[in-house]
Amino acid sequence: MKIFNNIIAIFQKELQGYFNSPLALAIASIFWLISGIFFLFILFSEEGIIQNVALQEQLGNTSPRDVPYEFIQVFFGIMGSITIFLLPMLSMGLYSEERKIGTIELLATSPVFNWVVAVGKLLGVVVFYITMIVPILLYEAIAFSTSNPPIPPAVPLLAHMGLILLASAILSLGMFISSLTESTIFSAIITFVLVIFISILDALTNNIQNPIGEFINQLSVIKSYEEFVQGIFTTSSLIIFFSYIILGLFLTAQSIETLRFTRK
Numbered sequence: 000m001k002i003f004n005n006i007i008a009i010f011q012k013e014l015q016g017y018f019n020s021p022l023a024l025a026i027a028s029i030f031w032l033i034s035g036i037f038f039l040f041i042l043f044s045e046e047g048i049i050q051n052v053a054l055q056e057q058l059g060n061t062s063p064r065d066v067p068y069e070f071i072q073v074f075f076g077i078m079g080s081i082t083i084f085l086l087p088m089l090s091m092g093l094y095s096e097e098r099k100i101g102t103i104e105l106l107a108t109s110p111v112f113n114w115v116v117a118v119g120k121l122l123g124v125v126v127f128y129i130t131m132i133v134p135i136l137l138y139e140a141i142a143f144s145t146s147n148p149p150i151p152p153a154v155p156l157l158a159h160m161g162l163i164l165l166a167s168a169i170l171s172l173g174m175f176i177s178s179l180t181e182s183t184i185f186s187a188i189i190t191f192v193l194v195i196f197i198s199i200l201d202a203l204t205n206n207i208q209n210p211i212g213e214f215i216n217q218l219s220v221i222k223s224y225e226e227f228v229q230g231i232f233t234t235s236s237l238i239i240f241f242s243y244i245i246l247g248l249f250l251t252a253q254s255i256e257t258l259r260f261t262r263k
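Numbering (numbering that gives the first Met the number 0), first residue to last: 0 to 263.
Worth flagging that the hints you see were computed from the coordinates, not collected in a lab. Glycine included, C-beta positions come from ideal geometry on N, C-alpha and C. Treat the hints loosely; a few may be bogus.
What the hints assert, rightly or not - Listed next, the in silico DMTMM-like pairs over lysine to aspartate or glutamate satisfying Cα-Cα at most 25 Å (straight line): (1) K1 to E13; (2) K99 to E181; (3) K99 to E226; (4) K99 to E13; (5) K222 to E139; (6) K12 to E181; (7) K1 to E181; (8) K12 to E96; (9) K222 to E69; (10) K222 to D65; (11) K12 to E226.
Unchecked claim - Just the calculated beta-carbon pair ranges, DEER-fashion: (12) A153 to S80: 15 to 25 Å; (13) S44 to I184: 33 to 43 Å; (14) K99 to I49: 45 to 55 Å; (15) Q50 to I184: 35 to 45 Å.
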């Protein structure tokens, strides 16, 4: 019970810090602006899905198209890219700021388990990210309310779940990198490079037909996210996401434990 209370206390402190941070609110604003622009572009631009369907009908092509599903595929593909680009700026201060102002010493020598602190911090930043995607739900609800036939709720639900799990995995790894340096900028850059490396590796292994390529492809967090966006729920994808999250938490706890040991 005490461990749970410690996690909640750290979570509340971290979440409040994000809502009081001008940088975090600026990142949220940029996220809303970019996602809103793409939302409108995908639906209503001359190259958008609605215009494309109308053009096909004018040309006499009456083949049924699942417009809501097509929209989810395109929109959440873009949302994943935006998330990958912006999240390193959210995770960069999780421990770097503690190092910069000296409070990392208190964390390293406190009686609270290192993993408890890491879990509380990760929950705080993940919940802040969830608040960032809440306004997008309103846009989607309006768009999907006009679809005929109605889209199964499980499809957008899985897409959002995949987006949150993808964000959690990236933030967990970013938290570990943040624990290694007091430079927030350096932390953000290294996290971004790591995520880009993972994405490039995923793209390369798709074209490699050998056991090593297939093994790496099975460990791909990007592939797991794409499956969720496609409305495919598999236990293996869920395990991959949680493996990345737990790996980030474990490495962070070990990083702070190393700091605790060196102080002794």
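Hint check results:
1. Between K1 and E13, the direct Cα distance comes to roughly 18 Å. Compliance with the 25 Å bound is thereby established for this hinted pair.
2. Pair hint K99 plus E181 holds up; C-alpha atoms about 5 Å apart against a cutoff of 25 Å.
3. About 40 Å separates the Cα atoms of K99 and E226, which puts this hinted pair outside 25 Å; it is violated.
4. Between K99 and E13 the CA atoms are separated by roughly 16 Å; this keeps the pair inside 25 Å, and the hint holds.
5. Of the pairs offered as hints, the one joining K222 and E139 holds, with about 24 Å between alpha carbons and a cut-off of 25 Å not exceeded.
6. In summary, the hint linking K12 to E181 is supported, as the alpha carbons are separated by about 20 Å, within the 25 Å threshold.
7. As the CA atoms of K1 and E181 are separated by approximately 30 Å, the hinted pair breaks the 25 Å bound.
8. Using a Cα cut-off of 25 Å, the hinted pair K12 and E96 holds, with the two alpha carbons roughly 14 Å apart.
9. Proximity of K222 to E69 is assessed by CA-CA distance (about 18 Å); at most 25 Å being required, the pair is judged to hold.
10. The straight-line distance between the Cα atoms of K222 and D65 is roughly 22 Å, inside the 25 Å bound, and the hint therefore holds.
11. Distance check on the hinted pair: K12 and E226 sit about 34 Å apart at the alpha-carbon level, beyond 25 Å; violated.
12. Look at A153 against S80: about 24 Å separates their beta carbons, and that is inside 15 to 25 Å.
13. Between S44 and I184 the beta carbons are some 35 Å apart, a value that agrees with the proposed interval 33 to 43 Å.
14. Between K99 and I49 the CB atoms are about 49 Å apart, so this pair conforms to the stated range of 45 to 55 Å.
15. For the hinted restraint 35 to 45 Å between Q50 and I184, the CB-CB distance of approximately 42 Å keeps it satisfied.
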